[in-house]
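Required output: the full structure, derived from the provided sequences and hints.
Protein sequences, first through last, are from chains Y and U.
The numbering of the first sequence is our numbering, which starts it at 216 and goes up by one.
The numbering of the second sequence is our numbering, which starts it at 958 and goes up by one.
Some hints could be false.
Part of the chain U face toward chain Y, derived, beta carbon under 10 Å [stated by the list, open to error]:
1. 1146
2. 1147
3. 1157
4. 1198
5. 1201
6. 1212
7. 1213
8. 1216
Partial list, computed: chain U residues near chain Y (C-beta under 8 Å) [stated by the list, open to error]:
9. 1028
10. 1113
11. 1117
12. 1143
13. 1199
14. 1202
15. 1230
16. 1235
Treat the hints as calculated values from the structure; they're not laboratory data.
Where is the CB? At the ideal position from N, CA and C, for every residue including glycine.
Spelled out, the chains give:
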Amino acid sequence: MTDTSTSLALLQFGDSFFPSGATSFSWGLETLRADGHVTGAAEVETLIAGQLRQRWASFDRPALLAAFRAGADLDRVAEIDRELDAATLAREAREGGRRIGGALLKVHAGIGTPGAADYRDRVLRGDASGQMAAVQGFLGAATGLDETTLCALSAYGLAVSAVSAALRVGLLGHVDSQAILVRLRAVVDEAVASPLPAVTGVHAYTPMAEIAMMRHETGSGRMFAN
Amino acid sequence: MTGDRLLPEDLTPLDQPRQVILAFANDPAGRTFPKRQRAAYPFHIGRALYLPGDPAGFCTLYLQSCSGGIFQHDRLGIAVRAEDGARVHLTTSASTVVHAMDDGDAVQDVLVEAGPDSLVEYLPDPQILFPRSRLANRLVVRAHPSATVLACDSFLPHDPDGGASPFGWLRSDTRIEDETGRLLAADRFEVTGAASMANTIGVQGAYRIQATLMVVHRRDPDAALAALRSVVPESGGVYAGASLLPGGAGAWLRALSSDAVALRRLVRDGWATVREQLTGAPPGIRRK
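Here is the structure:
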């Protein structure tokens, strides 16, 4: 792919206009706010930085890159997918990952991305979970992205969906949101340079966000799916 | 009964020799007893107890450490097997101090195998992480579809000098498998003392202590979840939630707090509620 073509693919897949469904998820922020743990912009930024360092770097990223490297080997992608699903213990986090993965597969099957329709069939048959990072990884390879671009797309997707949720629940203004995204670039740089665990050793330490998502299952006033 | 009379081939082959190997079975009257028992240094196993308030034949065993805690270079292994219908509660007599380490780290590796219709409660007291301690915990629960296993872990940092020096790191790898070893659910985390105490919202926030209670109950995960949810506080000094485990494995509860007593009470309440659901009565009092 030419540089312009890569840039265009990144713009398209990273755009909120791309129908991944990611804007329906707050990843615990909605409940952390309701429980009084997040009250303003500084806490939103700390929360997202913590998720990038303590979860995305050592959990999503290894699966993303392993699936990217698996490429067209969909059996290998399914193994990675299974590992990721088993290691996502909070139900709404697990279902959120599946829903975004499913939405990505549906769009990419529709636009003819190689492997997307085949893998979607596996998910619809119940032979695969369709977790977001596994799906995003192999689709990244199929659409000609490189590893650096794919990591940027994935980390940005996490950050922007959290910032967008914070904006919608009134914790931030538009300028604050953009300023946070600029500052988080340094955190993503640090995260992509951190040691990469094997897929069978993916780990995350975000218990407070995890608890928030578990509390969300029975919470009232739910705007988001987790 | 302590000694080397165990036939190791009775149990799943292990990567390394384990200091503790226990196998429980029921006698013809339905009373659970330690059929095989081995305990090498630093462990000591108390005699089998049958406590008032517990169902008839329900076995309780205390696992004690003679060494005063976990030290650098320790490689500790525990294997527990419950055969058909066995019902056993395993606990420690006190919290486990994980001492400061100038060199290397420590590993504790626990395997719990639960046979058909068995009930295993593996509920050790918290691990107290001293400054510069480095510990890797590994727990594998291998459960028959009709078995129930409760397993808890909790940790808290403590600086005996009264300061706030952080522990080095804690790694935790809990695997829940079916009877063939297929992975159903995995809880894997690594945290440094500095990250644990950094007041990061979404990580530990201002809370200092974490506790987790897993209820492997493949027969009826929703019932296990209902039991755990019934003890989750809405507000107060304990931040907790409960959810269904992946793979239809059961349910789990995680909690954060800075109040060790409140957190211990929550884990106890969760255990008692599940026990009552399974046996019709809450557990008897265990003195420690």
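Checked hints:
no.	hint	verdict
1	1146	holds, 4 Å
2	1147	holds, 5 Å
3	1157	holds, 4 Å
4	1198	holds, 3 Å
5	1201	holds, 5 Å
6	1212	holds, 7 Å
7	1213	holds, 6 Å
8	1216	violated, 16 Å
9	1028	violated, 25 Å
10	1113	violated, 13 Å
11	1117	violated, 25 Å
12	1143	holds, 4 Å
13	1199	holds, 6 Å
14	1202	holds, 6 Å
15	1230	violated, 16 Å
16	1235	violated, 22 Å
In summary, the structure is inconsistent with hints 8, 9, 10, 11, 15 and 16 from the numbered list given earlier, while agreeing with the others.
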